[in-house]
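Q: What follows is the residue order along each chain.
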Amino acid sequence: MDSNDKALVFGEDVAFGGVFRCTVGLLERYGRRCFNTPLCEQGIVGFGIGLATQGYTPIAEIQFADYIYPAFDQLVNEAAKYRYRSGGTFTAGGLTVRAPYGAVGHGGHYHSQSVESFFTHVPGLKVVVPSSPAQAKGLLLSCIQDPDPCIFFEPKMLYRTSVEEVPVGEYTIPLGQAQVLREGADITLIGWGAQVHVLAQAAQAVADADGISCEVLDLRTLLPWDVQAVTASVNKTGRLLVSHEAPLSSGFGAELVAEVSRRCFLRLEAPPVRVCGADTPFPLVFEPLYLPGVERVVDAIRATVRF
Amino acid sequence: MALRSASTQLLGRAGLLPAAVCNAFHRCMSTSDKFSVEVLPFKAHRIEPPNNVVETSIDELVGMYELMYKMRRMEIAADMMYKAKLIRGFCHLYDGQEAVMTGIEAALTKEDAVITSYRDHCQHLSRGGTVKEVMAELMGKRDGASKGLGGSMHMYNRQANFYGGNGIVGAQIPLGAGLAFALKYQKKPNVAIAMYGDGAANQGQKYEALNMAGLWNLPVIFVCENNHYGMGTAEWRAAKSSTFYTRGDYIPGLKVDGMDVLAVKKSMEFAKAYALEHGPIIMEMDTYRYHGHSMSDPGSTYRTRDEISTMRQERDPVERVRKLLLAKGYDAAAIKAMEKSVKKEVDTAVEEGKAAATPPNEWLWRNVYVAPANMDMRTVEGTYVQPTYDPTYSS
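Quick mapping for you: the protein sequence lines, in order, are chains Y and U. According to UniProt numbering, the first sequence is numbered sequentially starting from 1. According to UniProt numbering, the second sequence is numbered sequentially starting from 1.
No wet-lab data here; the hints were simulated from the structure. Given the structure is predicted, the values throughout are model-derived calculations rather than measurements. Take the hints with a grain of salt, since some may be wrong.
What the hints assert, rightly or not - Here are some, though not all, of the chain U residues that point toward chain Y, as calculated from beta-carbon distances under 10 Å:
#, residue
1, Gly204
2, Tyr384
3, Gln386
Quick reminder that beta carbons are idealized off the backbone N, C-alpha and C, glycines included.
Use the sequences and the hints to build the structure in full.
A: Shown next as structure tokens:
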């Protein structure tokens, strides 16, 4: 907001600081550039696209990713295709849409959904998911500066639980690059957002109990995803496990597994496996049963290594 | 229509409720005699409003009072249970708005369809549900209104044509238009009530629904429960025009004092007759919620405590009916007896909810269309089971 006077922050309730306090203080510092919108997701995103084509940098908030669907048409049909259909004359690239996503313990059907896979299917968009505060800052700044429309899903479970030192000042983390969180030799575990921490716990558990050495990758950007890093890792370990909260069928894990199977076929020691949410709507009381928790990941690691 | 619960009827049959009331001048009337009450005049848009004199009777008022008092005590109990962490997740309370749903029920039958937002505990009650079902559902127990699978925002009643209970803001409005279409198609003398709030009034899908309803003359009554705040945003901050009853443009509208159950009843009787003959109409209910938007919202950062307490003192819907009953000579002891019985019902429901069982894990997989591929369910013992896909909840 300081370096770019065409940056605007808007959405439902952002002016008072937002329901997760993400925009606290912006109104006081930037006045009219941080403002509330009425309750109209389709309008919010469409309005943002219009601003973006004029060279502004709109940072639109969708209050919960569960509410993003009215804006789906605008994102898919307008934002993603503007540059392509105008032969480069116009672009909605300045647009960044932020939305809290994912399970939070008691969110139920409409405050817990993981919606990233709907958007990874759309050429023209970028989909980014941080897994910690330092990642969030760097990745968000990259999204804001990125010349293409970006959707930034913030794992709401981590708003309060994730604490780390964040560098002061401006820095960016490049999009399209995964990060190796833990080096290993026996199996590659891939996740994003809050699930990365589940994978880290599972990796430690099997290291302690079975002596299995896991390599944990935080994908960070889903579209475009870091093919090099993933294939390099799977070529090293020979096994792949992808884990996400979103339901199993057609989740983003499917894309990763399909591509890795093709590229690393001869190297694979076991079929790639996905440990994901159940193929049901996100439940209310059954949340612990539905989610891909540490126990399920550990079971899948052991089964894959012993294949 | 009968709003009185079984317990009140029992008290009546046992001779414990007054069958006649006598005022200070010793003129006695029977509790079923009709008398008139004046309410705040209605504001109208593109329609001639009904007059502001409402006919009612002691019997009707007693029934309304009992329902409203039950709603009030139930919501207060939910507040306490939430703070005790027996209810988790999201919980949107209706206290302050009781007159709206009670007045609507007084004008409708169970053959009319009702659909509303997530603030639906009292709708479930008024449509024939019990406090026990609401409490158990809030606590996520299998005895709940939706078997513990829906939670606070998703309660339904098929027999009473109550279509819920919707989490996404405004999504219920086009659904309401669809309900009305079905009723008209089946040539039923019934209407659909689509309820929404002042925040939802700015959603695009509302206007799509209004247009379709107007185009096809659907018997739908759009009820805007204007409690003046969309979560934390005051109506004038979110809407260019906060005269919600006029925002249907070519669709007529009425603005009603939503804190007065008799005004609501009169206006809804008028609206039902209109909708059956001509088509859609918008009712703006001027109401208020004492609690914040949900239990996560203290409700005091965007409005003053003075405003809330003034509402309680001057316009409380439950108090108003109580005062009216007493003014008409109704026995204060009878009111106390009824209140005591309602409190007992709520307390019992809470205890039963606490003791009830949670839904079995297998129900995660019920009402899912296709057996998911590759999805063995891990039990807490560490074994895996293939879930069954029984669409009934027989176990």
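Q: Run every hint past the structure and note whether it holds.
A: Against the structure, the hints:
no., hint, verdict
1, Gly204, "holds, 6 Å"
2, Tyr384, "holds, 8 Å"
3, Gln386, "violated, 13 Å"
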